[in-house]
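The lines below spell out each chain.
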Amino acid sequence: MEIPPIVLYVLVDFSIYLIVTLSLNIEVGYAGLPQFGRVLAVLTGALVASAIPGRILAAIYGYPYGVEYSSYEYNYKVVDAINRVLESNPALSVGIFILTLIIAMIAGAFIGYLTSRPAIRLKEAYLGITLLAMGETLMLISYYYQPLMGGTTGVLVPDPFRWAGGLRFIVATFTLLTFAILILIFVELLTKSPFGRVLRAMRDSELAIAVYGRDIAKIRTCALMVGASIASLAGALNAFYTGSAIATTYTRVTWTFWPWAFMMLGGTGNNIGVTLGVLVFVIVKTIIVTYRGALAPFVPFDPVWLEYTFVGLAIVLIAIFRPQGILPEKPIFTLPRRKLEEFLGRR
Amino acid sequence: MLPVIAIAKAVSYASSLALMAAGITLIYMCTRTFNFAHATFVTWAFYIVFALVFIAGGNPYMYLPVAFIFVGFLGVLVYLLVIGPLLRRNASPITLMMSTLGVDLVFLSFIQMFADYLTRTYKLYARRIVLETYDFSLLGVPASAVISPIIVVSTIAALHLFLARTKFGTAMRATIENPNLASILGINPNIIYLASWLIGGGLAGLGGALASLSIAGDPTVGNSMVVSMFASSIVGGLYSINGSMLGGLLIGMSEYLGILILSGIVGGWILPYRPVIPLIAMAVTLLVYPKGLAGINWPRLLYRIGVIK
Chain A
7 MEIPPIVLYV LVDFSIYLIV TLSLNIEVGY AGLPQFGRVL AVLTGALVAS
57 AIPGRILAAI YGYPYGVEYS SYEYNYKVVD AINRVLESNP ALSVGIFILT
107 LIIAMIAGAF IGYLTSRPAI RLKEAYLGIT LLAMGETLML ISYYYQPLMG
157 GTTGVLVPDP FRWAGGLRFI VATFTLLTFA ILILIFVELL TKSPFGRVLR
207 AMRDSELAIA VYGRDIAKIR TCALMVGASI ASLAGALNAF YTGSAIATTY
257 TRVTWTFWPW AFMMLGGTGN NIGVTLGVLV FVIVKTIIVT YRGALAPFVP
307 FDPVWLEYTF VGLAIVLIAI FRPQGILPEK PIFTLPRRKL EEFLGRR
Chain B
421 MLPVIAIAKA VSYASSLALM AAGITLIYMC TRTFNFAHAT FVTWAFYIVF
471 ALVFIAGGNP YMYLPVAFIF VGFLGVLVYL LVIGPLLRRN ASPITLMMST
521 LGVDLVFLSF IQMFADYLTR TYKLYARRIV LETYDFSLLG VPASAVISPI
571 IVVSTIAALH LFLARTKFGT AMRATIENPN LASILGINPN IIYLASWLIG
621 GGLAGLGGAL ASLSIAGDPT VGNSMVVSMF ASSIVGGLYS INGSMLGGLL
671 IGMSEYLGIL ILSGIVGGWI LPYRPVIPLI AMAVTLLVYP KGLAGINWPR
721 LLYRIGVIK
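Taken in sequence, the protein lines are chains A and B.
Numbering follows the working numbering, with no gaps: position 55 of the first sequence is 61.
Numbering follows the working numbering, with no gaps: position 185 of the second sequence is 605.
Only chain A is shown next, with the shape it has when bound in the complex (with noise of 0.2 Å):
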């Protein structure tokens, strides 16, 4: 079966947005604390798959892991030894992937509880500021500081699709898409748990819920970390993904902006709206992407940009003319209609 790679270009794009996009909603759709900051925690799970699984195979089979693991002299070749363990051995490639999907999480959910700090004390933009502050805080020191992300250079990402051969970019993108699918779950669940309802009761009103005996600095604290700990791991999957990581491309537009636009797109406060919202950029951004070479003869500028316009314009338009989005936040029914009879019904 031959599947166009457009296609998978699409269906890997939309997975990844939509897992950082999901975990973005947690925190500005539910509970309504103004993330400006979601490359932090995204850039924390690539600098974990950048760093950790890499160097955990080096120590293991004997190869430099210290400093040196991620300078440019050493890296590749490294990198390329450890593929090579990795390309006869799927059940090490699965296990590692694994590994270090937990640590990312772990390490995401130590960076939202951080960045919760702040979150209890600010309000509003100021909060906004602190947060995207943070994040280019480490978006700087991931550029500078080598032995995590290899400086400005980057690092080469050991790659536990290297087993699947021919099939290697079907396998990850249908493994992202799974992910993907999963977090969709969980955070539909969460989100209509008693959680989530805490969550978007101290949204609308958080003196309502102060006077309901609940801590808000503690539900502010566990919406940070939950939102962090998703986003970290699709920083993670990105980085396996792409087979090797620079802290350039973790710059605040594109990932802590765009998902802002594909969730007003979609619905604020509604993850299947946000679900609709990255799926339509993603394909816009695409048809961008592909038809820029048929646009180019036409305008006296390289038609990349027309993707940032688009993007601009988009969220202002939706600002403007349509706030809730495609699909608006609906009210959460706890019980199935019928329960609800009944129960009525033995009144």
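Calculated directly from the structure, the hints in this document are not laboratory data.
Take the hints with a grain of salt, since some may be wrong.
Here are some, though not all, of the chain B residues that point toward chain A, as calculated from beta-carbon distances under 10 Å [what the hints assert, rightly or not]: (1) F493; (2) P505; (3) A511; (4) P513; (5) S529; (6) W689.
Subject to a maximum C-alpha distance of 35 Å in a straight line, what follows is the list of computed DSBU-like cross-link-like pairs (lysine-lysine) [as the list claims (entries may be wrong)]: (7) A:K129 to B:K711; (8) A:K291 to B:K543; (9) B:K711 to B:K587; (10) B:K711 to A:K224.
Glycine included, each C-beta is placed from N, C-alpha and C at the ideal position.
Got chain A sorted already, so can you dock chain B onto it with the hints?
Quick look at chain B alone, frame taken from chain A:
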């Protein structure tokens, strides 16, 4: 000891930052909008000056008023098309902030297109702008180190006169204090908001045009400076134009000179971490003393430390 040229550069950079921060503060005070589009406002000023110098010739200083007017006009456009309609719908501060981010992305793409256009039509290398060489020497230092502080001081004076002595300025202050009460007295808040975007955008243009003389520009130069601008504005207290100017000078100087001093102490590896300085200043201000520089009781502080009796 630091070389004179470094201090001169720091002064001119800090002055341009002060002007940009003043624009952010003015817009925030009037319309409660953290204007992220300030980043591309500044970049547009870079490109306007660059294009005019290379196409029409002359000296960058000649085009300062053009940059002020052009970017002020961009600000008016943003207010009329985006912020005004959102304010009329009582959008939340987060929505306002997000929409300026959208505007920023659109303007960023326009700058990239403009840079491509300059490259293809005029054969200019527009991906990296260096205008420093067009600066002349004054009193032994680059002229921008002398002219920029003078522009900052005269802007402070002009804004003070405008806000304190003119009828429109009084109306503006009244609207900032209480928009509803001001509108009862026959002041149209829309005009005031429009003016704040015109002046705020203009200040970004002026700051950007001056910054083009002290730092090299590329299509994302404003985006890399925007965090410093917000830091200056927040360190200044966010509710005072003079405070934000002071914040801008402080952040700019500590960014430029602080990192040089630090690198002398701990070594050159720290140099790339320069942008962390404004971030730390901002975080500390927000968490420790959110009122910022404008909230300090200066006479009492000076009395306490013994500067005045």
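Each hint tested on the structure:
no. : hint             : verdict
1   : F493             : 18 Å, violated
2   : P505             : 5 Å, holds
3   : A511             : 7 Å, holds
4   : P513             : 5 Å, holds
5   : S529             : 4 Å, holds
6   : W689             : 8 Å, holds
7   : A:K129 to B:K711 : 14 Å, holds
8   : A:K291 to B:K543 : 30 Å, holds
9   : B:K711 to B:K587 : 28 Å, holds
10  : B:K711 to A:K224 : 26 Å, holds
Checked against the numbered hints given earlier, the structure breaks only hint 1 and satisfies all the rest.
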